[in-house]
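Colleague: Those sequence lines, one after another, are chains A and B.
Here the first sequence stands for residues 1 to 112, where the numbers follow this note's numbering.
Here the second sequence stands for residues 1 to 493, where the numbers follow this note's numbering.
Some clues are possibly wrong.
Quick list of simulated restraints, FRET-style, between CB atoms [stated by the list, open to error]: (1) 70(A) <-> 484(B): 29 to 39 Å; (2) 70(A) <-> 444(B): 46 to 56 Å; (3) 152(B) <-> 11(A): 47 to 57 Å; (4) 17(A) <-> 202(B): 23 to 33 Å; (5) 467(B) <-> 51(A): 51 to 61 Å; (6) 11(A) <-> 206(B): 25 to 35 Å.
Just so you know, these hints were derived from the structure itself, not from any lab.
The structure presented is a predicted model; accordingly, all values stated were derived computationally and were not measured.
Just so it is clear, CB atoms sit at the ideal spot from N, CA and C, and this is done for glycine as well.
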Amino acid sequence: METIIILLVGVLVSTATYLLLSKNLIRVVLGTAILSHAIHLLLMTMGGLKMGSVPILGDQVDTYTDALPQALILTAIVISFAVTAFFLVLVYRTYQSTGSDNLYELKGPQDE
Amino acid sequence: MNNVLVFPMIVPILAAMLLLFFRSNTAVQRWGSVGAMTVVFGTSVWILQQVMLHGILRLDFGEWLPPFGITFVADSFAMLLVTVSSLVTVLCLVYAAFAKDEKRESFFMYPFALLLAAGVNGSFLTGDLFNLFVCFEVMLLASYVLMTLGGEKKQLTEGIKYILINILSSWLFLLGIAYLYGTLGTLNMAHLSVRIAEAGQPPLLTTISMLFLVVFSLKAGLVLYFWLPGSYSTLPAAISALFAALLTKVGVYALFRTFTLLFYHEPSLTHKVIGYMAAATMIGGSIGALAHRDVRKIASYNVVIAIGFILVGLASFNIEAIQGSIYYLIHDILIKGLLFLLVGTIIHLTGKTRFDQESGLIANYPLFGWLFFIMILSLGGIPPFSGFAGKLFIGEGAIGAGHYGLTAIAFLSSLFVLYSLLRVFLIMFWGESSILSKNQIPLSKGMLAPLVALGIITTGLGLGMDYLSPYVSEAAHVLMNPDVYIEGALHNE
């Protein structure tokens with residue numbers, strides 16, 4: 001199971017890299033969002049997927065699933081949500097003020 | 001008593017939340033934020049004294065003992081940086097209060113500056129790698145807002161690059177955390193150190209350490225500084241001073257922590273790479289500082305050179321060099337704040353950004369001109385100012401470690417620092433005055449006050465180095481002996 005997820009992470013990371021390298025700003029934003037998902041998935045897989053039961057002390061169970069990676073990705077998801085939202089708004093604002101969403105046209109200022 | 005450790009992070013956050021309700025009242029915004037950071041500064045001085053008296057202090061949130069809970073760990077290295085950065089934040093905020101940029105002020109500039117300070121202090125204090133990531137994000141999100149606040153076209157286009165590169169490095173940081181958790185099963189820094197020492201840092205862990213090196217280098221501007229000059233030179237004075245003083249230094253702090261506490265078993269590989277990167281940074285920064293005529297660009301490349309110089313100390317990895325780096329880090333936080341405030345003030349007074357378009361400013365603003373001169377001397381490491389001790393110790397340490405080439409590059413880069421700014425000084429401040437005294441924009445006392453204060457502090461630190469040295473040697477001692485940190489962060493109550 002872990003192997004499949006890791007392969008999926010690989011696919012997501014390569015997609016994200018492809019998008020990040022494109023000229024279009026919206027694709028770049030989507031690239032960062034997909035990269036964040038890939039890494040969340042990796043973080044969860046690193047703790048081992050469902051090795052035991054719910055991490056609550058009980059009588060019958062003796063192996064527990066590690067709850068920490070889930071707490072970590074929950075935090076990371078919130079952060080990635082905030083960052084992506086901010087980045088999207090910024091890209092839209094830049095589009096409004098410069099009239100372009102092409103990274104090559106947003107190169108450094110010409111006045112130097 | 002240890003609860004006080006959370007103050008440097010929680011006070012700015014609470015103050016920022018309160019200030020959100022006083023949007024229309026700029027006086028409350030200005031002096032409320034200055035007051036909050038003054039409280040933080042006072043508290044951190046007190047904590048620093050306590051750390052010197054009682055050793056490393058630790059706060060376990062919710063009574064969850066380490067390595068299970070999240071902890072704040074205050075050793076003297078972290079507390080020195082918290083103290084100095086809070087001091088610089090206070091002075092930058094005072095400057096901003098007198099600069100009266102009402103458009104930005106009414107759009108929550110002060111609350112975000114406070115959140116930035118909270119993130120910076122949290123990053124210095126945390127004892128947990130994931131919490132470090134979270135504090136980085138608090139700091140970065142505040143910096144994204146400050147970066148683009150005002151919405152000028154140039155700010156937006158530079159802001160996109162700045163934000164993109166930081167988002168990317170944040171996710172790489174998380175990737176490193178995931179790998180580290182997968183291999184070692186813990187994220188508490190002291191506990192990680194113990195487990196890495198037990199495993200003897202096999203090649204797998206060294207590879208992960210390289211990932212962290214890339215991430216923190218992006219944040220600190222070590223070799224990967226391509227985003228820095230453009231973005232720092234679009235900001236108003238007070239904010240650019242905050243950025244230059246604090247943001248890259250957090251990356252440097254993280255590099256020092258990871259490569260002295262966690263990955264210190266293979267210095268022949270990791271620290272050698274850091275050495276090469278430091279050399280490349282200083283060379284690239286020096287070229288940049290000479291190539292540009294825009295004073296803000298020159299100042300930004302000086303930030304880059306200093307980062308390279310501080311990391312020479314880490315690359316040499318002996319007690320003198322680490323001491324030198326700590327001296328220089330403290331000095332650099334203060335002096336980069338001063339440099340950017342001065343450069344911002346020049347632009348405020350003349351409206352010109354290129355240094356060859358103005359001359360004779362010293363006739364119009366004598367005190368201001370002399371402050372600029374003092375700043376140059378201090379930046380170049382001339383005694384009796386505060387840059388001298390750092391340069392001396394780093395040089396001694398680097399020669400002791402046998403890095404002669406690196407030492408030569410480091411000291412040559414200081415000459416380039418001096419040259420790049422003396423050129424600005426000679427052309428802008430000397431010569432025929434180009435502003436008639438009746439047309440001259442008055443420089444308010446309030447704006448001059450924080451500059452003078454920083455000038456006095458850099459001179460005072462240089463002359464009173466003896467008072468600082470016990471703190472710095474204690475900090476270097478903890479950095480060079482991970483056992484001391486582990487004892488404080490993991491075991492002792």
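Colleague: Does each hint fit the structure? Answer for all of them.
Modeller: Hint by hint, here is what the structure shows:
Checked against the given bound of 29 to 39 Å, the beta carbons of residue 70(A) and residue 484(B), roughly 34 Å apart, stay inside it. For residue 70(A) and residue 444(B), the Cβ-Cβ distance of about 54 Å falls inside the hinted range of 46 to 56 Å, so the restraint holds. The hint said 47 to 57 Å for the Cβ distance between residue 152(B) and residue 11(A), and at roughly 40 Å that hint is violated. Between residue 17(A) and residue 202(B) the beta carbons are some 28 Å apart, a value that agrees with the proposed interval 23 to 33 Å.
Our hint of 51 to 61 Å for residue 467(B) and residue 51(A) holds, since their Cβ atoms are close to 55 Å apart. Hint check: residue 11(A) to residue 206(B), Cβ distance near 27 Å, so the stated range 25 to 35 Å holds.
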